[in-house]
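The lines below spell out each chain.
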Amino acid sequence: MKEVFMNAIQIENLIRDYGGGKGVFDVSFHVDHGEAFGFLGPNGAGKTTTIRHLMGFIRPQSGKCTIDGIDCWSGRDKVQARLGYIPGEISFFDDISGTEFLKFLEEYRRIGTCSRKAELLERFELDPTGRIKKMSKGTKQKLGIVAAFMHDPDILILDEPTSGLDPLMQSRFVNLVAEEKEHGKTILMSSHMFEEVERTCDRIGIIRKGRMIAVDSAAALHERHTRSYTVTLENETAAEAFAADFDGVRSGIRVTVAAKQSLEEIFMNYYGGDKNDQHDII
Amino acid sequence: MISMTLYKREMKGSVKLLVIFGAVIILYVSIIISMYDPEMMKMLDSFVDAMPELMAAVGMKANAADLLGFMVSYLYGFILLVFPMLFCILRGNALIAKYVDKGSMTALVAAPVKRRTIALTQLSVLLSGILLLVFYITILEYICAGSGFPGELDLSALLSLNFGLLCLHLFIGGICFLSSCIFSDTKYSIAAGAGIPALMYVLQMLANVGGNAEKIKYCTFFTLFDPDGIIVGESNAAAGAFLLFAGAVVLYGIGIMIFDKKDLYI
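In order, the protein sequences belong to chains R and Z. So for the first sequence, this note's numbering puts the first residue at 127; every next one is plus one. So for the second sequence, this note's numbering puts the first residue at 698; every next one is plus one.
Hints listed in this document are in silico derivations from the structure and should not be mistaken for laboratory results. Note that the structure is predicted; figures quoted are calculated from it, not measured. Do not take every clue at face value.
[Unchecked claim] Here are the simulated DSS-like pairs of lysine-lysine, each with C-alpha atoms no more than 27 Å apart in a straight line:
hint: 1; chain 1: Z; residue 1: K705; chain 2: Z; residue 2: K799
hint: 2; chain 1: R; residue 1: K335; chain 2: Z; residue 2: K959
hint: 3; chain 1: R; residue 1: K148; chain 2: Z; residue 2: K884
hint: 4; chain 1: R; residue 1: K243; chain 2: R; residue 2: K204
hint: 5; chain 1: Z; residue 1: K959; chain 2: R; residue 2: K204
hint: 6; chain 1: R; residue 1: K263; chain 2: Z; residue 2: K884
hint: 7; chain 1: Z; residue 1: K713; chain 2: R; residue 2: K260
hint: 8; chain 1: R; residue 1: K259; chain 2: Z; residue 2: K713
hint: 9; chain 1: R; residue 1: K263; chain 2: R; residue 2: K243
hint: 10; chain 1: R; residue 1: K243; chain 2: Z; residue 2: K705
hint: 11; chain 1: R; residue 1: K190; chain 2: Z; residue 2: K959
hint: 12; chain 1: Z; residue 1: K959; chain 2: R; residue 2: K148
hint: 13; chain 1: Z; residue 1: K713; chain 2: Z; residue 2: K795
hint: 14; chain 1: Z; residue 1: K705; chain 2: Z; residue 2: K811
hint: 15; chain 1: Z; residue 1: K713; chain 2: Z; residue 2: K884
hint: 16; chain 1: Z; residue 1: K799; chain 2: Z; residue 2: K959
hint: 17; chain 1: R; residue 1: K243; chain 2: R; residue 2: K307
hint: 18; chain 1: R; residue 1: K259; chain 2: R; residue 2: K229
hint: 19; chain 1: R; residue 1: K259; chain 2: Z; residue 2: K884
hint: 20; chain 1: R; residue 1: K229; chain 2: R; residue 2: K243
hint: 21; chain 1: R; residue 1: K243; chain 2: Z; residue 2: K709
hint: 22; chain 1: R; residue 1: K266; chain 2: R; residue 2: K229
hint: 23; chain 1: R; residue 1: K148; chain 2: Z; residue 2: K958
hint: 24; chain 1: R; residue 1: K204; chain 2: Z; residue 2: K811
hint: 25; chain 1: R; residue 1: K260; chain 2: R; residue 2: K229
hint: 26; chain 1: Z; residue 1: K795; chain 2: R; residue 2: K259
hint: 27; chain 1: R; residue 1: K190; chain 2: Z; residue 2: K811
Given these sequences and hints, build the entire structure.
Laid out in structure tokens, this is it:
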């Protein structure tokens with residue numbers, strides 16, 4: 127049982143320099159077993175590059191990525207056996223239908239009878255019979271979700287998994303991730319959807335220009351960015367109404383209201399703090 | 698060592714091309730073999746006399762001694778070189794580089810399948826296609842010659858000739874496969890995979906013209922395939938075929954190694 131004491135996903139001092147300030151520089155973080163980790167950052171910050179290393183697609187220039195103690199580059203086929211992956215940009219074989227593609231993957235991965243395909247297709251109301259080439263972005267995304275979850279992997283690496291989904295499907299996806307977490311799955315989810323990360327992840331890492339600028343629990347990030355105000359009102363009736371309107375806590379004629387910054391605002395704090403970096407936000 | 702699921706999928710992808718090239722080859726082979734006729738040979742020879750450079754460039758020489766010599770002159774200089782070569786170029790590029798370029802390689806590598814297995818599977822698909830084409834050519838030639846000119850064709854010489862042809866195409870396939878493994882961009886994979894064999898073929902055409910240009914033959918691997926030498930059992934011709942075969946194996950090995958080690962930005 128020594129695995130239990132090992133981090134499910136571990137990235138140590140990962141460096142990949144593409145030149146011109148692009149790439150990832152000295153990125154380190156870990157994801158525990160059974161934990162959901164949100165990986166936030168704007169476009170081009172290095173989220174996908176980090177994930178490519180975890181998937182064993184590219185070799186670190188220096189540093190190390192391991193999943194359950196197995197090196198992500200040299201042991202990639204072993205790592206892949208337990209991994210579910212949604213790529214940031216879905217691009218499947220477009221010469222065949224979704225049904226054929228899922229069947230191909232079942233056989234290619236040798237999933238056999240334990241496939242969750244039917245259940246997932248139903249959950250996301252996906253009809254995979256059409257040719258992939260003709261599918262809309264959202265439908266392809268759903269197909270990607272089914273493909274990533276159908277072999278019931280222990281570890282999920284999801285690169286902007288809800289892009290292209292409508293709000294209803296986004297919320298179904300968030301529910302799916304929450305269920306998987308309850309079942310003890312380890313999840314790394316990159317996103318710029320603050321809402322879904324807030325709802326699903328225990329800890330959040332923020333990456334900017336290839337460097338991790340914050341890694342903390344979602345709760346702590348909130349805590350740090352919560353301000354509360356106590357307001358004294360004229361009488362109890364006014365206080366009661368005020369408390370009801372502003373979701374505050376009343377004691378006598380005093381009402382305490384908390385202004386929670388959304389994760390988005392927290393995010394902006396990290397990103398917008400430096401005036402010289404204004405162009406990065408856009 | 699290979700993934701049968703992937704192999705089946707890719708062989709389906711080869712079918713269309715194989716059918717097209719099969720149809721083109723049956724057309725040429727049957728027509729050319731049926732043209733074997735001493736009278737007609739005289740006419741073709743007169744073409745060769747009239748424009749020796751042009752005819753030599755496409756590998757057609759005068760005075761082909763017998764049916765097989767006739768076939769060597771009129772089939773093994775152009776048609777049976779170029780069509781299987783086109784197959785190698787098109788499939789070679791599609792098997793690896795196209796997947797990487799389009800990003801659908803993700804589906805193949807994001808699974809508990811070794812990259813070497815993927816590359817080896819794709820290579821087997823290419824090799825199966827080449828084998829099928831050469832096998833088909835052999836059967837076709839045997840049937841056409843047997844029905845038109847019974848007893849004229851030396852079967853064992855035909856088999857060694859087509860074994861040499863197979864070695865040549867395995868080598869060309871090696872070039873296409875290697876360039877597909879090296880380049881992550883279809884543009885460059887096609888440029889190298891098609892450009893190198895095409896350039897070599899053009900050099901071979903120049904060398905065939907003879908004269909001073911003959912020295913060019915040392916610059917092209919097509920020289921290693923010597924149909925005339927093979928049918929008379931020359932040891933140099935056999936060595937050439939062996940070199941092509943050995944070279945092909947080396948190219949495959951390097952290709953698989955490169956794909957195994959390369960960074961995939963998918």
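Does the structure break any of the earlier hints, and which numbers would those be? none
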